[in-house]
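There are 2 protein chains.
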Amino acid sequence: MPTELKTLSQEMIPAVEAEMQAVLHADGTQPDSFYGMMQYHMGWVDEALQPAVVNSGKRIRPLLCLLSCAAAGGDWQQAVPAAAAIEILHNFSLVHDDIEDASDTRRGRQTVWKIWGIEQAINAGDAMFAIAHLAMARLEERGVDPAIVVQALRRFDETCVQLTQGQHADMDFEKRDQVSVAEYLEMIGGKTAVLISLSTELGARIAGAAPQTNTHYNQYGLKLGLAFQVIDDILGIWGDESRTGKSAATDIITKKKTLPVLHGLEHSPDLRQLYTQSDPDTAFVQQAITLLNAAGSHDYARQQAVEYSDSASHHLQAANPNGPAARALHQLTHMLLARDF
Amino acid sequence: MPTELKTLSQEMIPAVEAEMQAVLHADGTQPDSFYGMMQYHMGWVDEALQPAVVNSGKRIRPLLCLLSCAAAGGDWQQAVPAAAAIEILHNFSLVHDDIEDASDTRRGRQTVWKIWGIEQAINAGDAMFAIAHLAMARLEERGVDPAIVVQALRRFDETCVQLTQGQHADMDFEKRDQVSVAEYLEMIGGKTAVLISLSTELGARIAGAAPQTNTHYNQYGLKLGLAFQVIDDILGIWGDESRTGKSAATDIITKKKTLPVLHGLEHSPDLRQLYTQSDPDTAFVQQAITLLNAAGSHDYARQQAVEYSDSASHHLQAANPNGPAARALHQLTHMLLARDF
Numbered sequence: 001m002p003t004e005l006k007t008l009s010q011e012m013i014p015a016v017e018a019e020m021q022a023v024l025h026a027d028g029t030q031p032d033s034f035y036g037m038m039q040y041h042m043g044w045v046d047e048a049l050q051p052a053v054v055n056s057g058k059r060i061r062p063l064l065c066l067l068s069c070a071a072a073g074g075d076w077q078q079a080v081p082a083a084a085a086i087e088i089l090h091n092f093s094l095v096h097d098d099i100e101d102a103s104d105t106r107r108g109r110q111t112v113w114k115i116w117g118i119e120q121a122i123n124a125g126d127a128m129f130a131i132a133h134l135a136m137a138r139l140e141e142r143g144v145d146p147a148i149v150v151q152a153l154r155r156f157d158e159t160c161v162q163l164t165q166g167q168h169a170d171m172d173f174e175k176r177d178q179v180s181v182a183e184y185l186e187m188i189g190g191k192t193a194v195l196i197s198l199s200t201e202l203g204a205r206i207a208g209a210a211p212q213t214n215t216h217y218n219q220y221g222l223k224l225g226l227a228f229q230v231i232d233d234i235l236g237i238w239g240d241e242s243r244t245g246k247s248a249a250t251d252i253i254t255k256k257k258t259l260p261v262l263h264g265l266e267h268s269p270d271l272r273q274l275y276t277q278s279d280p281d282t283a284f285v286q287q288a289i290t291l292l293n294a295a296g297s298h299d300y301a302r303q304q305a306v307e308y309s310d311s312a313s314h315h316l317q318a319a320n321p322n323g324p325a326a327r328a329l330h331q332l333t334h335m336l337l338a339r340d341f
Numbered sequence: 001m002p003t004e005l006k007t008l009s010q011e012m013i014p015a016v017e018a019e020m021q022a023v024l025h026a027d028g029t030q031p032d033s034f035y036g037m038m039q040y041h042m043g044w045v046d047e048a049l050q051p052a053v054v055n056s057g058k059r060i061r062p063l064l065c066l067l068s069c070a071a072a073g074g075d076w077q078q079a080v081p082a083a084a085a086i087e088i089l090h091n092f093s094l095v096h097d098d099i100e101d102a103s104d105t106r107r108g109r110q111t112v113w114k115i116w117g118i119e120q121a122i123n124a125g126d127a128m129f130a131i132a133h134l135a136m137a138r139l140e141e142r143g144v145d146p147a148i149v150v151q152a153l154r155r156f157d158e159t160c161v162q163l164t165q166g167q168h169a170d171m172d173f174e175k176r177d178q179v180s181v182a183e184y185l186e187m188i189g190g191k192t193a194v195l196i197s198l199s200t201e202l203g204a205r206i207a208g209a210a211p212q213t214n215t216h217y218n219q220y221g222l223k224l225g226l227a228f229q230v231i232d233d234i235l236g237i238w239g240d241e242s243r244t245g246k247s248a249a250t251d252i253i254t255k256k257k258t259l260p261v262l263h264g265l266e267h268s269p270d271l272r273q274l275y276t277q278s279d280p281d282t283a284f285v286q287q288a289i290t291l292l293n294a295a296g297s298h299d300y301a302r303q304q305a306v307e308y309s310d311s312a313s314h315h316l317q318a319a320n321p322n323g324p325a326a327r328a329l330h331q332l333t334h335m336l337l338a339r340d341f
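Which chain is which? The protein sequence lines are A and P, in order.
Residues in the first sequence are numbered from 1 upward in steps of one, following my numbering.
Residues in the second sequence are numbered from 1 upward in steps of one, following my numbering.
Among the hints, a few may not be true.
From the structure, some residues in chain P lie toward chain A, with a derived Cβ separation under 10 Å [said to hold, decoys possible]:
{"hint": "1", "residue": "37"}
{"hint": "2", "residue": "120"}
{"hint": "3", "residue": "122"}
{"hint": "4", "residue": "126"}
{"hint": "5", "residue": "127"}
{"hint": "6", "residue": "131"}
{"hint": "7", "residue": "136"}
{"hint": "8", "residue": "143"}
{"hint": "9", "residue": "151"}
{"hint": "10", "residue": "154"}
{"hint": "11", "residue": "157"}
{"hint": "12", "residue": "160"}
{"hint": "13", "residue": "164"}
{"hint": "14", "residue": "168"}
{"hint": "15", "residue": "307"}
{"hint": "16", "residue": "310"}
List of simulated lysine-lysine pairs, BS3-like, C-alpha gap at most 25 Å [stated by the list, open to error]:
{"hint": "17", "chain 1": "P", "residue 1": "58", "chain 2": "A", "residue 2": "175"}
{"hint": "18", "chain 1": "A", "residue 1": "175", "chain 2": "A", "residue 2": "256"}
{"hint": "19", "chain 1": "A", "residue 1": "175", "chain 2": "A", "residue 2": "255"}
{"hint": "20", "chain 1": "P", "residue 1": "175", "chain 2": "P", "residue 2": "256"}
{"hint": "21", "chain 1": "P", "residue 1": "114", "chain 2": "P", "residue 2": "175"}
{"hint": "22", "chain 1": "P", "residue 1": "255", "chain 2": "P", "residue 2": "175"}
{"hint": "23", "chain 1": "A", "residue 1": "114", "chain 2": "P", "residue 2": "175"}
{"hint": "24", "chain 1": "P", "residue 1": "58", "chain 2": "A", "residue 2": "114"}
{"hint": "25", "chain 1": "P", "residue 1": "58", "chain 2": "P", "residue 2": "6"}
Here are some chain A residues the structure puts well away from chain P; computed CB gaps all over 12 Å [claimed, not checked]:
{"hint": "26", "residue": "32"}
{"hint": "27", "residue": "254"}
{"hint": "28", "residue": "300"}
{"hint": "29", "residue": "313"}
Just so you know, the hints here were simulated from the structure itself, not pulled from any lab data.
What you are looking at is a predicted structure, and each value in this text was computed from that prediction instead of being measured.
Here a beta-carbon is modelled for each residue, glycine too, at the ideal position from N, C-alpha and C.
Build out the structure end to end from the sequences listed, making use of the hints.
Written as structure tokens, this is what we have:
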């Protein structure tokens with residue numbers, strides 16, 4: 001990892017972790033069953049609510065929030081409650097998504113609903129949602145002006161509404177035969193990119209940046225999130241198994257409606273015909289990839305990824321970030337986007 | 001309905017309704033499926049998302065909030081966003097509770113999950129939770145000081161955490177053989193009374209009342225909520241069918257663990273023995289009521305209801321409310337508590 005990013009993330013991530021543990025009552029003693037479920041999901045305890053060290057996700061969003069705050073001239077320590085709030089919000093949405101998508105495992109462990117049942121998992125998610133807001137309210141204790149706190153909370157909840165709209169569209173698409181590329185891009189914008197854009201925007205807001213700077217940070221995060229998702233979509237079909245860690249063409253076998261597939265379905269009658277087949281086999285996968293290549297879907301998706309990446313870089317530059325945090329943001333952006341697609 | 005209560009509620013409830021419709025995008029046109037589910041739950045549209053006029057609940061909480069604001073010397077119009085937020089929060093919790101409790105109907109209609117599925121209902125609830133917060137943020141547009149808005153939001157989310165803790169305990173109790181009276185009172189405090197106490201407290205806070213006045217309004221609401229719940233528990237066993245609208249002794253037939261039953265189970269070995277029976281019949285109901293009466297459980301629950309009612313009245317008096325709103329608060333309290341138990 002490049003120097004600035006490494007140095008700053010080693011300071012910032014433990015600060016966020018401590019803030020999240022404070023609001024989620026993880027004081028080192030065995031939690032009760034109420035906070036225990038949430039702490040399990042966060043990766044701090046195991047199923048028996050005993051201390052655990054597990055993969056708990058990369059904490060990219062809080063890092064983007066704190067780096068944006070510092071790069072916009074603020075004291076990143078002031079933004080720690082917002083960074084913690086965003087990460088808890090993200091994790092709340094995963095608890096509910098796992099129920100909605102009937103996912104049994106996450107990060108190599110059983111999901112909350114799988115262990116404690118759907119009823120308790122819905123409720124634990126609701127509690128995390130409320131606690132994410134309580135984290136936001138702690139901004140005031142770090143000296144952030146109440147008017148900025150109210151504005152940050154408003155943006156926080158506008159983003160929550162967009163997330164639920166994205167999830168609504170995603171579930172709706174599962175049931176539909178036809179989804180347009182435009183609908184898909186709007187859905188992934190809502191479902192994933194808006195939370196990245198909230199992270200960068202709130203960092204700038206807490207730094208007290210000018211309105212147009214806030215907008216550039218917002219757009220930087222949004223385009224970064226979109227580029228990241230489109231690259232994921234490409235790697236889900238053409239990715240190198242040894243690098244992505246999941247078997248190649250997974251998204252074809254599951255007939256997942258990702259960007260290249262939707263482009264292919266729009267442009268190739270043969271692919272549309274193929275996708276009426278019910279049980280995809282190896283021959284199906286080979287044929288689908290051939291048809292996608294012929295329809296220019298790989299090139300189209302690559303082009304989209306490049307455009308979003310370029311737009312992210314443009315907005316980051318226009319935001320005029322400063323100091324080591326600015327360099328760290330460029331480094332992080334590069335790490336997230338310079339994957340081999 | 002007494003004059004002041006009638007006059008004020010006729011002004012206040014339409015104002016809250018308009019505010020809720022604004023944040024839930026109910027502008028009179030047919031809603032999309034995302035906002036449509038929420039508007040259905042609120043009672044504004046039917047299953048086909050066409051305009052409907054149905055029983056949508058009594059809006060007691062927003063009324064208590066606005067009356068408390070006015071009685072504490074504030075301009076109740078300023079508190080309308082908080083009143084709307086509390087009612088939307090209450091309705092969000094019903095959407096999720098209906099899933100958790102597997103309830104098919106509410107207010108005579110199918111529940112949201114029953115029509116649109118569990119996945120979409122979880123997500124619609126999440127959206128309403130976020131929108132309740134957006135309603136709170138609108139306090140600022142009515143001229144409420146941002147520092148008061150942040151404090152109100154903090155109390156809002158602390159209450160949400162208590163609600164989920166109450167629901168957690170309630171679901172836990174369903175599975176347990178033994179629940180103490182003390183645990184039960186804590187559970188109903190969290191599950192129902194805290195939202196009433198939030199309503200009255202936020203009214204006072206928005207009026208800019210002194211800290212100890214806010215506390216009295218909070219305690220007035222809390223004790224009012226507890227008294228109301230205990231009276232409900234009594235009527236669920238000894239209630240007059242023609243007045244309560246539900247068949248007498250319903251809570252005995254379903255073996256619901258309400259306050260009188262828990263008291264009886266603690267004090268009567270015979271009742272404990274009876275409650276091991278699996279299919280309650282008419283003889284069971286008769287015998288249970290006889291044993292409850294003998295154990296003094298009816299008297300105990302009545303005593304609790306009276307103590308909570310007295311405490312509510314004491315705190316309302318200590319809050320020193322003024323004007324027609326003060327009289328309306330007394331009238332509303334009387335209506336809620338002076339049921340024949």
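Evaluated hints:
no. : hint          : result
1   : 37            : 9 Å, holds
2   : 120           : 6 Å, holds
3   : 122           : 5 Å, holds
4   : 126           : 5 Å, holds
5   : 127           : 4 Å, holds
6   : 131           : 6 Å, holds
7   : 136           : 8 Å, holds
8   : 143           : 13 Å, violated
9   : 151           : 8 Å, holds
10  : 154           : 4 Å, holds
11  : 157           : 4 Å, holds
12  : 160           : 4 Å, holds
13  : 164           : 4 Å, holds
14  : 168           : 5 Å, holds
15  : 307           : 28 Å, violated
16  : 310           : 32 Å, violated
17  : P/58 x A/175  : 37 Å, violated
18  : A/175 x A/256 : 12 Å, holds
19  : A/175 x A/255 : 13 Å, holds
20  : P/175 x P/256 : 12 Å, holds
21  : P/114 x P/175 : 24 Å, holds
22  : P/255 x P/175 : 13 Å, holds
23  : A/114 x P/175 : 18 Å, holds
24  : P/58 x A/114  : 37 Å, violated
25  : P/58 x P/6    : 13 Å, holds
26  : 32            : 9 Å, violated
27  : 254           : 18 Å, holds
28  : 300           : 29 Å, holds
29  : 313           : 31 Å, holds
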